[in-house]
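Visitor: Below are the chains, spelled out letter by letter.
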Amino acid sequence: MKLPALNRRAFLRAMGLVSAGVALPAPLLYSRGGYAQGSIPKRVLFFHSGSGVSRQVNVFRAAGGGAATETDFVFPEVRSPLNAIRDQLIAFENLDMVSVTVDPTSASNAHYNGDTHCLAATNRADGETAGGPSLDQYIAAAINSPMAVTKVPSLQMTVQTDGNVSGIKVCTAGSGQVIPLSPNPEENYNRLFAGFTGPQAPPAVMVGDSPAQTAAKQQKSVLDLVLGDFDAVRPTLGKADQEKLDAHASAVRDLEMRIQVGTSGTTGAFTPGAGCADPTRSILNGSGNGYPGDASMYRANFDAMARIVQAGFACDLTRVVLMNLGEPFGSDWGYNSGDFGSSDAHDLIHKTSYNNAGTLKGDAGAMAAVQRLHQLECVQFVTMLDLLRQIPEADGKSLLDHTIVVWSSQIAEHGHDVDQLPWILAGGSEAGFKPGRFLKYPRNGGNGAPHNNLLVSIAQGMGVQLEKFGNESVCTGPLDRLRV
Amino acid sequence: MEAPGAGPAPGSLGTGNVSTSPTGVPSAPLGSVPLQPAACTGAEVPAGPAPLTRLANAEYRNTLRDLFPWVFANNVNLTLPAEIATRGFLNMARAQTPSAQLIDNLNANASIVAAAAAENLSLLSPCVPANASAEEQCGKDFVRAILAKMFRRPLAAEELVKYDTFFATARTAYDFKTAARLVVQALLQSPQFLYRVEHTLGGRHALTDFELATRLAYLLTDSTPDGELLAAAQAGKLASDPSLEAEVRRLLATPRAREATADFNRQWLRFDRMDNLVKAKDLFPAFTPAVAGDLRLAAERFVDHIFWDEGHDLGSLLTDSHAYVNDNLAPIYGAKSPGASLTWAQVDATQRSGILTQAGLMAGLAHERNGAPVLRGVFVLDRLLCTAPPPPPANVNTALPVLTSDAKMTTRQQLELSHAAPTCIGCHSAIDGAGFGFENFDALGRFRTEEFGLPVDPSGEIIGSTDADGKFNGALELGQKLAGSRQVGSCLAAQWLGYALSVTRDEIAPCQSEPLAQKLNQTKDLRELLVSLATSPAFRYVGQ
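Protein sequences, first through last, are from chains A and B.
Oh and the first sequence: position 54 is 55 in the working numbering, straight run, nothing missing.
Oh and the second sequence: position 8 is 14 in the working numbering, straight run, nothing missing.
Certain hints may be false.
What the hints assert, rightly or not - Pairs of lysine-lysine, DSS-like flavour, derived with a Cα cap of 27 angstroms:
(1) B/K168 <-> B/K155
(2) B/K530 <-> B/K477
(3) B/K243 <-> B/K155
(4) A/K221 <-> B/K168
(5) B/K342 <-> A/K218
(6) B/K183 <-> B/K168
(7) A/K221 <-> B/K146
(8) B/K477 <-> B/K243
(9) B/K155 <-> A/K221
(10) B/K146 <-> A/K218
(11) B/K287 <-> B/K146
(12) B/K414 <-> B/K477
(13) A/K218 <-> B/K525
(14) A/K240 <-> B/K414
(15) B/K243 <-> B/K287
(16) A/K398 <-> A/K435
(17) B/K168 <-> B/K146
(18) A/K221 <-> B/K183
(19) B/K146 <-> B/K183
(20) B/K155 <-> B/K183
Keep in mind the hints are simulated off the structure, nothing from the lab.
Sequences and hints are given; from them, build the entire structure.
Guide: Following this line, the structure appears as structure tokens:
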């Protein structure tokens with residue numbers, strides 16, 4: 002079975018080769034009837050990218066020119082693919098990583114400066130590691146406590162063709178506790194869909210155990226024994242070692258609960274409806290990790306991961322995903338090493354910074370090249386949102402309405418700055434977010450609104466009760482005017 | 007059950023390692039804070055840091071391979087999350103995070119390996135029950151044998167009761183094979199297997215013989231202790247200096263020791279920089295993935311050859327003028343090709359100086375088009391002299407000026423221009439001072455005397471060291487300078503000891519690593535460094 006080449010079409014559209022209004026092919030869904038039961042859960046997707054947007058070209062205007070207002074705004078050309086879905090997005094001006102400015106530990110390079118704060122927003126543990134949990138992990142822990150509600154608490158993936166993820170430290174379980182992102186679509190597919198039997202009404206009569214039920218029973222007895230070993234070791238250790246061991250034991254207990262939540266792959270807390278289907282292994286065609294990799298493998302990885310997010314949320318196998326967008330291949334946005342005197346894409350991006358060292362910021366060709374890159378990323382974002390919108394929920398709304406999507410980035414601008422973040426929110430209308438707005442915040446004492454506040458609002462949208470997140474000295478509560 | 011989406015009570019977060027303040031904002035747990043090195047005051051060398059350490063990915067895989075060789079005779083697909091490097095090293099205890107993915111992977115791996123292991127009961131168990139009456143005793147024999155192997159130590163009575171009971175209960179529900187499988191499945195997820203559990207509480211004291219055996223095995227063989235080592239521990243031989251040293255030398259002579267030291271060398275020398283090399287097609291049309299693979303392999307084999315076959319001498323590592331060459335690499339070295347397979351060959355001794363100028367390393371410390379003097383300089387300072395400079399200020403734009411065809415400047419000249427700013431020059435005088443010494447090497451590791459038609463200037467200066475400071479001209483003189491520096495020996499000793507204890511070199515006290523460094527600096531012998539390390543007090547003692 003061949004899946005529609007969603008992303009390729011989207012790429013073409015970005016390049017202006019296909020008009021924007023053409024509907025994408027419908028996803029392959031197996032209708033299983035309407036079993037949806039229970040209140041529809043909220044989900045959150047962190048769509049994360051490395052580069053920000055050069056400030057000189059990231060300026061919002063009103064549709065008819067002039068200053069943008071809350072409801073009358075147009076994305077700049079560099080992000081033009083977002084204009085078609087502007088009414089579903091929330092854009093910001095003067096949103097800053099204020100927590101960076103008060104961090105006493107300097108970052109060990111300029112990229113770790115933002116990497117350690119973008120989703121953790123608190124003082125670093127050391128020069129390259131965040132000093133607290135990233136929001137995705139915080140939310141995943143919160144909503145799966147005291148009982149696991151999904152098969153997998155969260156996925157953390159990265160779209161790239163090589164397997165080298167050692168330098169990506171955006172995702173943390175706690176201070177200094179980096180969680181590696183997974184670059185392999187198949188691994189993530191297996192984590193969610195191995196043994197998945199689909200949403201089903203429970204059989205009326207049980208005669209003996211199914212193989213899956215036997216396996217689950219055996220797993221429980223094995224993990225009980227393992228947890229007993231944790232208890233036996235614990236008293237022999239010092240405090241720091243106990244904490245480390247406790248974290249591991251706690252994760253094993255979580256696994257035990259997750260195994261028990263049901264052999265259908267769903268928890269029973271919410272039974273998904275007609276939108277849920279195993280996307281099947283065919284979504285993995287062409288995907289993988291390898292050297293040297295190529296643009297087609299990159300696109301296949303993006304397609305597969307986007308489908309995994311869509312189906313994973315639709316089937317309620319997880320409610321939290323961090324999906325990092327590795328840099329697309331130059332051949333997909335018309336760039337070759339050496340163009341404009343730049344060494345590689347990273348070098349080109351830095352050189353198109355608006356600041357004084359941005360030696361190519363006045364070069365029309367170089368600016369056009371990075372504009373194509375950013376437009377391509379926008380198309381990837383739109384593609385992801387389309388996939389979520391295609392899934393119906395039992396209340397007549399779409400999966401996107403029940404999913405808070407935040408496009409976060411490691412830096413704000415091509416020169417490593419972390420103020421005036423170009424972040425965007427989408428979806429989540431059922432979580433209190435009112436889309437179709439441009440929110441401009443005042444600058445106080447040189448700082449805009451702290452991004453900690455945005456993180457608080459996202460957590461609250463997910464139903465997590467907290468008033469502050471990250472560094473409390475800069476966080477003042479939920480972001481003003483964001484949720485209604 | 008709490009409604010989905012309801013907030014957690016303070017302190018109730020499910021995935022652990024997140025403690026919460028009263029406002030619900032997570033704070034740093036103790037275990038994540040870097041340790042301060044021990045104070046070097048008393049007459050005794052303080053015990054080394056001993057954080058609870060989980061087997062590194064390579065150690066875990068090797069351990070499974072060595073415990074269940076019949077399983078791994080076939081291709082077994084084990085999944086683990088990638089490891090996050092801390093200062094270039096992948097085995098740091100502090101970075102080990104029990105993510106849900108890790109726990110899921112360990113669980114899945116345990117199911118796969120246990121099922122395959124139990125398929126051959128006669129290899130898994132010391133006995134296979136011939137009839138029902140033999141089962142009870144055989145079950146106990148199996149439990150004793152497998153626990154001892156997987157826990158790497160003698161067993162406590164209560165452990166045996168616990169596992170005997172589990173086996174017996176499982177046997178009532180399933181057959182013997184299934185009960186054996188479930189025992190293995192549990193052991194593969196037990197902290198006693200996954201962690202190197204040591205008794206570190208209390209004042210300074212020696213590790214038990216079995217704890218030391220486990221440390222030795224993972225340091226010197228990257229795997230679980232073999233039968234001889236466990237027997238030596240059982241016989242109390244590791245407590246005496248001569249028989250401990252004999253055991254260390256025995257382990258160093260095993261093939262596994264080559265793998266284990268290669269694993270350290272790859273991390274120490276940042277061979278990860280050679281992964282996924284990309285070079286500009288227009289400048290390097292002959293560069294292919296096959297060339298990239300050979301560049302890395304040749305550099306690894308160079309270090310391996312020096313370490314094991316060519317005098318195991320630190321000086322040679324930095325100055326030897328050989329390389330592994332084949333059809334792919336000969337053009338890069340300007341050498342005659344010995345054929346398709348990598349062969350140890352003399353290369354131009356006026357150009358090449360040990361690992362420093364291996365084409366793979368030079369290509370790794372480079373960009374797509376240019377060499378990278380900053381990366382090369384940081385490599386020398388950080389990996390060889392342990393004087394890593396602080397990072398650039400956050401908002402510095404680190405892009406090089408744009409090259410145009412009439413730029414009339416070498417990479418060095420451009421860097422000198424942009425680093426002249428007062429905020430840059432403080433650190434860059436030391437970084438570039440070392441890095442400019444490699445200006446004779448292009449982005450592929452080829453020797454050159456010109457760049458953009460201009461003569462290159464490979465003169466440099468070491469700044470900020472204890473005994474290597476001063477000017478030099480080119481990589482050969484730099485290699486000589488480093489080979490003669492005691493600081494390089496100290497730096498290597500501290501990194502080896504940190505690696506052995508799963509902490510960064512900053513957590514090692516000078517009085518712990520300096521005795522090793524002194525011996526290394528006398529002998530220059532890289533292998534003897536491991537003997538000194540494995541027999542040193544910092545390695546054998548724990549507690550404060």
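Visitor: A separate judgement is required for each hint: does it hold in the structure or not?
Guide: Tested hints:
no.	hint	result
1	B/K168 <-> B/K155	holds, 17 angstroms
2	B/K530 <-> B/K477	holds, 24 angstroms
3	B/K243 <-> B/K155	holds, 19 angstroms
4	A/K221 <-> B/K168	holds, 16 angstroms
5	B/K342 <-> A/K218	violated, 65 angstroms
6	B/K183 <-> B/K168	holds, 19 angstroms
7	A/K221 <-> B/K146	holds, 22 angstroms
8	B/K477 <-> B/K243	violated, 51 angstroms
9	B/K155 <-> A/K221	holds, 24 angstroms
10	B/K146 <-> A/K218	holds, 23 angstroms
11	B/K287 <-> B/K146	violated, 64 angstroms
12	B/K414 <-> B/K477	holds, 26 angstroms
13	A/K218 <-> B/K525	violated, 57 angstroms
14	A/K240 <-> B/K414	violated, 61 angstroms
15	B/K243 <-> B/K287	violated, 59 angstroms
16	A/K398 <-> A/K435	holds, 15 angstroms
17	B/K168 <-> B/K146	holds, 11 angstroms
18	A/K221 <-> B/K183	holds, 18 angstroms
19	B/K146 <-> B/K183	holds, 14 angstroms
20	B/K155 <-> B/K183	holds, 19 angstroms
When each numbered hint is compared with the structure, violations occur for hints 5, 8, 11, 13, 14 and 15.
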